[in-house]
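**Student:** Single-letter residue listing:
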Amino acid sequence: MDNAMKVRLLETMLNIRKAELQLAILYKNGKVPCAAHLYEGQEAIAAGVCAQLRVDDCLTSTHRGHGHCIAKGMPMKEMIAEVCARKTGCCGGKGGTMHLFKPDIGVMGTIGIVGAGIPVATGIALAMKMQKTDRVAVSFFGDGAANNGAFHESLNLASVWKLPVIFVCENNRYATSVAVWRSTSVEKIGDRAASYSIPGVTVDGNCVDEVYAATEAALSRARTGQGPTLIEAVTYRVRGHYEGDDAAYRKQGELTEAREHDPIEYWKQKLIEDGVLREEDFAALAAKAEAEAEEAAAFAVDSPFPAPEEALILTAQI
Amino acid sequence: MARRIRFIEALREGMRQEMERDPSVFIMGEGVGPHGSAFKQTDGLCAQFGEERLRDTPISELAIAGTAVGAAMMGMRPIADLMWIDFSMLAMDQICNQAAKLRYISNGQVKVPLVYRMSTGKSKSNAAHHSGSFYSWFINTPGLKVVLPSTPNDAKGLIISAIRDDDPVIYLEHKLLFNVRGDVPEEPFAIPLGVAEVKREGTDLTIVATGAMVGFSLTAAEALAKEGISVEVIDPRTLMPYDGATILTSVRKTGNLLCVEEGFRYCGFGSEIIAFVVENAMDSLRRPPRQLTTMHTTIPFSPPMEDYVFPNPERVAAAVRALLKSEA
Ligand SMILES: Cc1ncc(C[n+]2csc(CCOP(=O)(O)OP(=O)(O)O)c2C)c(N)n1
Ligand SMILES: [Mg+2]
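Residue numbers (the working numbering), protein chains in the order written: chain A, 1 to 318; chain B, 1001 to 1328.
In short, the hints are calculated from the structure, not lab data.
Treat the hints with caution; some may be incorrect.
Selected chain B positions facing chain A (in silico; Cβ < 7 Å) [unchecked claim]: (1) Asp1056; (2) Ser1060; (3) Leu1062; (4) His1129; (5) Pro1300; (6) Pro1303; (7) Tyr1308.
Coverage of chain A stretches by chain B, computed from C-beta distances (three or more under 8 Å per stretch; other residues unrestricted) [as the list claims (entries may be wrong)]: (8) 95-104; (9) 111-121; (10) 141-149; (11) 181-190; (12) 304-313.
For glycine and all other residues, C-beta sits at the position ideal for the given N, C-alpha and C.
Taking the hints into account, I'd like the entire structure generated from these sequences.
**Tutor:** Here is the structure:
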């Protein structure tokens, strides 16, 4: 990884963080019409994976998908405007926080049904293979989704057909109020890859360099026809399941501990130690990301809502 | 003795009293345990009955629905919470091919006494994957009973009947109704499945409404009364099997029928009621019956579009006026 990439990863993480914090404010101010699931604290995963994807590689994501869209290159304005239900959003207000699309940069959808994006990404990879390209599909999903049939069926099929897909499980230790150890048969979800004869790794999802390295290996397999990989990135959900969830079910001390292992702070320190970055460079990058997020929020709030009748566009009327 | 309590409290009380009465009743689903469920439907029950009977599950809808079938065949009475009706689609085989059919294909040698609970309907910008009203899929499946209460009293009386019933029952909880208050007796009571209630009497037109549409229709009826239009509002409460007799009696009196529902129009509950009335009381209809439903579209996120596609009290009133003005 060269220095430019190191800085780029930091920038992406900052962009996601600042956009999510803007959305938290917009939600408080009543500009987001329903509770959103924010990605704060998991930025290293989206950043570390997407940094190595080409524009023509594709991803699917989940109800917690804002960060993946930003990392794949969706302009903040289009994401925030969609979450604020505006006509200028990436889906014209039809999709909303759980349904973000921008196929021209490979955002093939964030999906509100847990696990449902995994077979879709598998099918995207099938097309990429049948069309004889070296493109790659990535599916981001949570620890909770790894207990759903969609996960198991997709890994098996992708293995049998040697599809160019990377399964990225973001283990943030909770699925709503249910802690992962209460619902999951394995200590490491990465171990489940063995059942499907594909490589599986478990990395610290708050260390962007670890995520980056795991993705590099998975990508080279996928691009050269060697099939899928499962990456488990262990992280922690520092916000409630959705905005407004007080997460009273957390174990005591867990949150404080997680806050101390912040992915942005970790990478910043690393870059300073390596002489890639100075404290004032970081401040400048953070200020730039914050300004962009504020501008995107202002753009969203100033944008019009779609007209009511637009609801029927694209619907088969009989 | 009756007290004024919220819909969600009435539902919870019904489940609690059945669990106290019958040790074979248990609840399973995502977050039903210590957390008390997505909308707090089971709040406090885990403290009373323990995690053995309030079983948190992984996000495994197919396994939730299917283990409920197996447990029910063995004499337990599971209540499986599938959270949103939209997620029940991941479990359709277990619900529609297994739960619904096993009693029949075994020639009655096994029974499947379970309840699938799921929240349904519009809330606030819940968008395409969390706003469904797909109950007609279940109505269309022989072997299933489908319940959709509109008041706290009905919520309690119907959950008790659903639990005691020896067949699988789909019990729907409308998200807009959880905090609605009403009088509910404290002691356990059962409202028989398949019995409608006339929620308001009237003489000019019959509205058959379900779920949140009952309240909308009552509001509309109140407004229409001021214009001299007398509307009768019937809530079937059980959508399958439905109480055809009560509906026919009403239509024979009023001569006009409007079905208001949140599901879609095509092959929906309203279309069924109209077909039933036409088949059985064509002679008493003075004008062609009509339906008011959610528009036939995926549910959009943005509030102006979302509001546009759903029924509301003003649209119910407008539909009544239009029907009564139509060619006899
Ligand atoms: C099939 C399905 N079941 C249940 C839900 C409700 N639900 C939404 S998010 C969620 C938890 C998901 O946990 P996880 O996969 O770990 O993702 P995280 O929220 O932690 O990012 C649940 C149960 C859903 N959306 N879809
Ligand atoms: Mg999780």
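**Student:** Taking 8 Å as the C-beta cutoff, is the stated coverage of the region 181-190 of chain A by chain B satisfied by three or more residues?
**Tutor:** Held - the region 181-190 of chain A has 3 residues with a Cβ nearer than 8 Å to chain B, which meets the minimum of three.
**Student:** Go check the region 304-313 of chain A versus chain B for me, would you? Three or more residues, Cβ under 8 Å, otherwise it fails.
**Tutor:** Held - the region 304-313 of chain A has 8 residues with a Cβ nearer than 8 Å to chain B, which meets the minimum of three.
**Student:** Holds or violated: is the Cβ of aspartate 1056 of chain B closer than 7 Å to a Cβ in chain A?
**Tutor:** holds (5 Å)
**Student:** How does the region 111-121 of chain A fare against chain B when you require at least three residues with a CB closer than 8 Å, holds or violated?
**Tutor:** holds (count 5)
**Student:** Using Cβ atoms only, decide whether histidine 1129 of chain B comes closer than 7 Å to chain A, and label the hint accordingly.
**Tutor:** holds (3 Å)
**Student:** Under 7 Å is the threshold here; is the Cβ of serine 1060 of chain B close enough to any Cβ of chain A for the hint to stand?
**Tutor:** holds (5 Å)
**Student:** Please check whether proline 1303 of chain B passes as an interface residue: C-beta within 7 Å of a C-beta belonging to chain A.
**Tutor:** Check passed: Cβ of proline 1303 of chain B comes within 5 Å of chain A, closer than 7 Å.
**Student:** If you count the residues of the region 141-149 of chain A with a beta-carbon closer than 8 Å to a beta-carbon of chain B, do you get 3 or more?
**Tutor:** Check passed, 5 qualifying residues.
**Student:** Measuring from the C-beta of proline 1300 of chain B to each C-beta in chain A, is the shortest one below 7 Å?
**Tutor:** This hint holds: proline 1300 of chain B lies near chain A, its Cβ roughly 5 Å from the closest one there, short of 7 Å.
**Student:** For the hint on leucine 1062 of chain B, just tell me whether its beta-carbon gets within less than 7 Å of chain A.
**Tutor:** Nearest chain A Cβ about 5 Å off; hint holds.
**Student:** Hint validation: tyrosine 1308 of chain B versus chain A, beta carbon distance must be below 7 Å. Holds or violated?
**Tutor:** holds (4 Å)
**Student:** Between the region 95-104 of chain A and chain B, see if three or more residues pass the 8 Å beta-carbon test, and mark the coverage as holds or violated.
**Tutor:** holds (count 5)
Every hint, counting from the list given before, is met by this structure.
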